[in-house]
Structures are given as C-alpha cells and as structure tokens.
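J.: What follows is each chain in one-letter form.
There are 2 protein chains.
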Amino acid sequence: MKKFNFTKLSEKLPSTVPFVGPETQERLNNRLFAARLGANENVFGPSPLAIRAMKKEAEKIWMYGDPENHDLKLQLAKKHAVQSENIVVGEGIDGLLGYLCRLFIEPGDRVVSSLGAYPTFNFHVAGYGGQLDTVPYVNDYEDPERLVEKARETNAKLCYLANPDNPMGTWNSGKKIEKVVNNIPDGCLFVLDEAYVEFAPSGTSPKIDCSNEKVIRFRTFSKAYGMAGARVGYAICHSELASAFNKIRNHFGMCRASQAGALEALKDTKHFESTVLKVNEAKKRIYRIALENGLKAIPSATNFVAIDCGAGKDHAFKIMNGLIERGIFVRMPFVEPQNRCIRISAGRTKDLDLFEASLPQILDSIR
Amino acid sequence: MKKFNFTKLSEKLPSTVPFVGPETQERLNNRLFAARLGANENVFGPSPLAIRAMKKEAEKIWMYGDPENHDLKLQLAKKHAVQSENIVVGEGIDGLLGYLCRLFIEPGDRVVSSLGAYPTFNFHVAGYGGQLDTVPYVNDYEDPERLVEKARETNAKLCYLANPDNPMGTWNSGKKIEKVVNNIPDGCLFVLDEAYVEFAPSGTSPKIDCSNEKVIRFRTFSKAYGMAGARVGYAICHSELASAFNKIRNHFGMCRASQAGALEALKDTKHFESTVLKVNEAKKRIYRIALENGLKAIPSATNFVAIDCGAGKDHAFKIMNGLIERGIFVRMPFVEPQNRCIRISAGRTKDLDLFEASLPQILDSIR
Numbered sequence: 001m002k003k004f005n006f007t008k009l010s011e012k013l014p015s016t017v018p019f020v021g022p023e024t025q026e027r028l029n030n031r032l033f034a035a036r037l038g039a040n041e042n043v044f045g046p047s048p049l050a051i052r053a054m055k056k057e058a059e060k061i062w063m064y065g066d067p068e069n070h071d072l073k074l075q076l077a078k079k080h081a082v083q084s085e086n087i088v089v090g091e092g093i094d095g096l097l098g099y100l101c102r103l104f105i106e107p108g109d110r111v112v113s114s115l116g117a118y119p120t121f122n123f124h125v126a127g128y129g130g131q132l133d134t135v136p137y138v139n140d141y142e143d144p145e146r147l148v149e150k151a152r153e154t155n156a157k158l159c160y161l162a163n164p165d166n167p168m169g170t171w172n173s174g175k176k177i178e179k180v181v182n183n184i185p186d187g188c189l190f191v192l193d194e195a196y197v198e199f200a201p202s203g204t205s206p207k208i209d210c211s212n213e214k215v216i217r218f219r220t221f222s223k224a225y226g227m228a229g230a231r232v233g234y235a236i237c238h239s240e241l242a243s244a245f246n247k248i249r250n251h252f253g254m255c256r257a258s259q260a261g262a263l264e265a266l267k268d269t270k271h272f273e274s275t276v277l278k279v280n281e282a283k284k285r286i287y288r289i290a291l292e293n294g295l296k297a298i299p300s301a302t303n304f305v306a307i308d309c310g311a312g313k314d315h316a317f318k319i320m321n322g323l324i325e326r327g328i329f330v331r332m333p334f335v336e337p338q339n340r341c342i343r344i345s346a347g348r349t350k351d352l353d354l355f356e357a358s359l360p361q362i363l364d365s366i367r
Numbered sequence: 001m002k003k004f005n006f007t008k009l010s011e012k013l014p015s016t017v018p019f020v021g022p023e024t025q026e027r028l029n030n031r032l033f034a035a036r037l038g039a040n041e042n043v044f045g046p047s048p049l050a051i052r053a054m055k056k057e058a059e060k061i062w063m064y065g066d067p068e069n070h071d072l073k074l075q076l077a078k079k080h081a082v083q084s085e086n087i088v089v090g091e092g093i094d095g096l097l098g099y100l101c102r103l104f105i106e107p108g109d110r111v112v113s114s115l116g117a118y119p120t121f122n123f124h125v126a127g128y129g130g131q132l133d134t135v136p137y138v139n140d141y142e143d144p145e146r147l148v149e150k151a152r153e154t155n156a157k158l159c160y161l162a163n164p165d166n167p168m169g170t171w172n173s174g175k176k177i178e179k180v181v182n183n184i185p186d187g188c189l190f191v192l193d194e195a196y197v198e199f200a201p202s203g204t205s206p207k208i209d210c211s212n213e214k215v216i217r218f219r220t221f222s223k224a225y226g227m228a229g230a231r232v233g234y235a236i237c238h239s240e241l242a243s244a245f246n247k248i249r250n251h252f253g254m255c256r257a258s259q260a261g262a263l264e265a266l267k268d269t270k271h272f273e274s275t276v277l278k279v280n281e282a283k284k285r286i287y288r289i290a291l292e293n294g295l296k297a298i299p300s301a302t303n304f305v306a307i308d309c310g311a312g313k314d315h316a317f318k319i320m321n322g323l324i325e326r327g328i329f330v331r332m333p334f335v336e337p338q339n340r341c342i343r344i345s346a347g348r349t350k351d352l353d354l355f356e357a358s359l360p361q362i363l364d365s366i367r
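Note that the protein sequences, when read in sequence, are chains A and B. Straight run, no breaks: the first sequence in my numbering ends on number 367. Straight run, no breaks: the second sequence in my numbering ends on number 367.
Don't read these hints as lab results, they were simulated from the structure. Accuracy of the hints is not assured; some may be wrong.
Because identical chains cannot be distinguished in the list, a pair is counted as satisfied if it fits within a single copy or across any two copies.
[What the hints assert, rightly or not] In silico DSSO-like links for lysine-lysine, alpha-carbon gap of 30 Å or less:
1) 313 with 79
2) 175 with 8
3) 296 with 79
4) 207 with 79
5) 270 with 318
6) 8 with 150
7) 207 with 2
8) 179 with 2
9) 318 with 56
10) 350 with 8
11) 270 with 284
12) 56 with 2
13) 56 with 267
14) 3 with 150
15) 78 with 284
16) 278 with 267
17) 12 with 270
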C-alpha cells in the first residue's frame, strides 16, 4: 500500500520550486540583504494613496474581500477601454497562470515557450502534465514568429510570450506582436505576459481586441505599481474565457487590503509616472556601471537590467555569488546562453551605490 | 472549430460558484447592509497587534512575501507542538482545499462528505472531476462513523468532515473522531476541517499525531482570529504530505501584510480569549432571540447559530429574505432538511439589536 494515494500526475511531479526567496538565503547566511535587487521588485514602492488604503482596510480585515473584485475590475476595464467581463483578477500573474493551465492543459498537451523564459509558467505547465516545447532566444530576444510557428508544428494549446521579456529585459514591438497574433493557429491560445510593459517604450503593447478569442494578456500590480507583496494580477481576454476562470478560481482568494490598495494605486497617475522615471534613471546608472566595469548591459524595457558578464555560466555565477556575499540579492538566468548574464533590478541610490562599489571588487577578486 | 480548446473537464464544469458575496447583493439592492451576519466573519476583529503589523507591512508591500512562510510556520508548529515540516500555509482553507483536491483527485475518483456540508469543498472536488458521495446529517449532526463507512464502501480517496460543522454549528467530540480515525480505510485521507474549532468546547479537537498519514487537518485565521479578509489558512499533516503541496502551490501567493498580521495575531492570546468570550455572549443572545420568537436555536460550537425556523425551506427562505430586506446579511443552508434553518453569525450588540428588532416583524408579516 502506498502511503499517499496521490494522482498519477502529482505522484511523479518533482518537488522543485521556480524561485527560492531572498529570505531563505538570509536565513542560511544568518544576515539580511543590504540591497534587494534580485526579484525585480519595485524598490520605489506603491503610491502613498495605496499604502493609506491598505492601512485603512487593515481595520476592516475581519470581512472577506469582494469575491467578484467588482470595483477593481470596473476601474481596470475603464483603464483598458474594455468591459468588466473582459477582466479576471487573481492572486498575482503566477496564480492566474496556474488557473489558465488548469483550464487548458491535461497530461500530454503541448505548450510552447522560449528556452529560459519565465520558469513559473513552466512550473504550472508541468504541474498539469503539459509538455513544453521551446524556441531559443535570438540575440537575447524572444522570437514571436518562431514561437507561433512552433505552436503550429506541435499543435500547441498555449503559446507563451513575455513582452518585455523576463529575464533578459528585451522586447518586441507591439506591431510585430499584432502581426504574429494574426497567425496563431486554430486551437491555440497566445499567452501574452505584460508584467513589465508599463516600463516599456510606447508601442510595445499591441492593440488586441477582446473579441479576439486567441489571445489572453496578463498585467500586474507587482512591478510598476510597486505592490508585489499584495498579490494582485489580472488578465484581459475574451469574456467567455474570462468567465471560465470562475469555474475553478479561489473565489475568496484575494486579500481585502490588497484589493483596496490596487484600486487606489490606479488613481495615482502622478506617482506611477514618477516611478517609471526613477526606474529609467536607475537603469541608466546600471548601464553605466556595467560599462565602467567592462561588461555589457543589455538594453531593457523592464525595471531590471541583464548584464552580460562576458563569459559562460560559471563566470556569471561567481559574480552573482560575490554580490550575494556582499549583501546584494541578485539573480541570474537559468539557461544557456542567457546564463552568461546577471540580472539587476532598478534600485534606489543607496542600493546602486553598494552595487557600484562591490562589482569592481568582485571582478578583481575573480581575475 | 471550438472557440476555446479547454480540457474535457473544464469544458463541462458549470459556472456556478459556492457563495455569492454580500457585496453582490449590496450592488443589486443599491444599499449597504447595516449588519453583516451571513458569512461567519468575526465582527470583533483581529488583535490590535495584528492590525498594527499589517499597517506596518503595508509600507513594505513592494517586496514579495516569504514564499516559505518560514516564520509563520515556525510559530504555528510551536503552537501545535509539531514541526514546521508538518505545516502548510495557504490562501485560506479554501485555497488549501483546492490544492488538496488537485494532489489527490482525478476524474472519476470518489470523495465522501455530508449532504449539505461545506460547498466550497464540493466545488473543488467537482473542479478536479471527483465524484462526491454523501451521507446525511443525523439530527443536524455530521456522522463521522457513517462517513468513514461510506468511504470504505466507495473506495474514496478523501473523506471530509468539518468539526465543528458549517452550516449547522454542531460538533462531534474529539474522542469520537479519534476512534473514527482508527478505522479510515487504506488509500483514504481523512480531511478534518477545523475552521471553527477555537470556539468549541475543549476536547472537540482530536489528538492526532502528525506521523498518522491518514489525516490532514485545516485551521484558519479567518474565524477566531478575525482576519477573513487577509486569506491565511493552514494545514497540519504528515511531513511528506505537507511537502507535496510544494509541487503545485502558488509559492508567492501569500500577501506579505497578511503573513505579518497572522504572526502577530498568534501572540495576542488575551485578545483571542476575549473574542471567544464575546462570541459566546453573542451566541447566547441569538439563542434567546430565537426562543422569544418561538424558534429553536441549534446549540453551536462555532461563531454562528443555525436557527430552526420550524417549517420547510420556503419558510426559512422568506425569513432570510426579510432580514436581507431589512439590511441584515444572513445565509441559510442549501440542502434539506438543514434548509429549514437560517444561519446567523455572532454579531456585535448593534448588529444583534437590529436582528432582534427585525425578526418579530418579519415573522408577523409572514403569518
């Protein structure tokens, strides 16, 4: 007799997780990070209006949040010039990607992504028994045409593209994606992860009508809105697809304070704009630091910069570890050839001061 | 060509949801409820320490929460005299029940519960294609012996019992459950939902060793700790089962402020104890109000009282609607014969004043 009568699928799933949190490393090293530049969190934080709303709502936390996310959906619909029925709110994009895979993927179903793209998507695909086929990056860029071709070849149910991309920070133009969307094969859903799109040049987000049943796009309050810890993501899609999430989602899964915070964050366009400016300044400084150290920064449309360390994985790994040892939490891509890079989130002045001081020391010690 | 290439299972799932939130009714009626006594929320609220911690953490909401829930698990383990490896923290018991069903249930698998017990569990069972077999309540009590017998007859993978019960508020002794646990058939996991157990007489929670791989129990911060809107639930179980959740859970799914609030809530035993006293006083008042109106209150070990309205479903429905029309949010059980009752959460003085004033008016208008 087996100890646990798991499903065949969960029996064979590995216990690996997509990301180890910085807190785990802090506990292992028995000290806190001085700078937290590894998870592409937005160090500039949310709107003071959002913080105030969350604090106010903490007083009412004895009540469940609205399971329909009615008010938040209404404002998001206005923002995107769609209807509330086109919006799904969930526990971060991660949570929504899980629901999406559950709706579409059963064991053996094929899914396409780029080799080395967002691992949490892959985690969910594997979690429902999907088979992932990948397309390589081309010069550190995801390749939308090839992704859709691959989806056609494999009869894939989902085709994933993050635009801008994580972990490389590169991006494709909205026009290019619009073209690609016209070629999505029947039976395939194009999954457009726009977690970082608010940092990107205008024209990066394609025009996609919600009557197009072949595309779902994802947005989040974790990045430009600075609320990663609140867990608020949303999808924009055809109304029938949006309503399918209601068959399976955790209806009472949203934190009430997070709902309130997100609603207020949307109103503060001034804070939002100033955040994007600060992120851009920080990125410029990271570009410069890389250059001054003889490394190559890859132009980024996100709130982080991938720095090409100029050699293979081991070299990048040493630099990443050197930074971690000096109290700077950073991460690096998982897959070749992207793993010749380290990935640095846009930090505050004091965070980047530490990075700027540490990097040459580390490079010296490695040479 | 189908519009969406859903899995066979999600294609056929109904779009029904377990519960409609009070906000939906408020929007329909275009006015707010004056008293919120329908979702068994804890109107007395969380510890001021928890509120303070949530407010403080709102300032740090730009950071993701710890995906391991390390500190919270450590304190919960201490509280229950188990190890951290025996604890799983998740987005409310609802979220954890979803993960549990995902780990164990594939289409056609059998699951046992009581007829009219917690519908969100049934929602998740159906959501993974499980087939639910039910056992009737006996005099408004769940019947643990019969549940386990039924599990044996049907070769069930999961056998669910809420103790104390929702929606009836009745309870079985810990001793009885310990006995039943000894009879759980091989291949079956006993799912003990203890969401309300902190309100119950001592001895209601059975002694269950975490080395027993046949039982998983669920607890929450939504009820006695007054933090329903924060979405923090947890499971206590065998370490191997606990670690299986890591294969599928939304690792970064917890709100950072909720983690911090729950941690502080655990420390404030004084507030916790005073809440339980207040709930008991409120329940006594609901018992008395029922009696004075010629209705029968069913003794409850939870923070709510099911009131037997003395006739069938239609009668109870009229009374529930009368209360809702008068601005009091209440619910009623879904299934016969329990649906001869209405269910009233323990309220503050002002909430129960309104209930006490409204109930005789409604009964008069119905007669």
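J.: A separate judgement is required for each hint: does it hold in the structure or not?
T.: Now for the hints, and whether the structure bears them out:
no. : hint         : in the structure
1   : 313 with 79  : neither (42 Å within a copy, 44 Å between copies)
2   : 175 with 8   : neither (43 Å within a copy, 35 Å between copies)
3   : 296 with 79  : neither (37 Å within a copy, 52 Å between copies)
4   : 207 with 79  : within (14 Å within a copy, 53 Å between copies)
5   : 270 with 318 : neither (40 Å within a copy, 51 Å between copies)
6   : 8 with 150   : both (28 Å within a copy, 24 Å between copies)
7   : 207 with 2   : between (52 Å within a copy, 24 Å between copies)
8   : 179 with 2   : between (52 Å within a copy, 23 Å between copies)
9   : 318 with 56  : neither (45 Å within a copy, 36 Å between copies)
10  : 350 with 8   : neither (50 Å within a copy, 53 Å between copies)
11  : 270 with 284 : within (21 Å within a copy, 53 Å between copies)
12  : 56 with 2    : neither (50 Å within a copy, 46 Å between copies)
13  : 56 with 267  : both (17 Å within a copy, 22 Å between copies)
14  : 3 with 150   : between (41 Å within a copy, 21 Å between copies)
15  : 78 with 284  : neither (33 Å within a copy, 48 Å between copies)
16  : 278 with 267 : within (19 Å within a copy, 39 Å between copies)
17  : 12 with 270  : neither (49 Å within a copy, 46 Å between copies)
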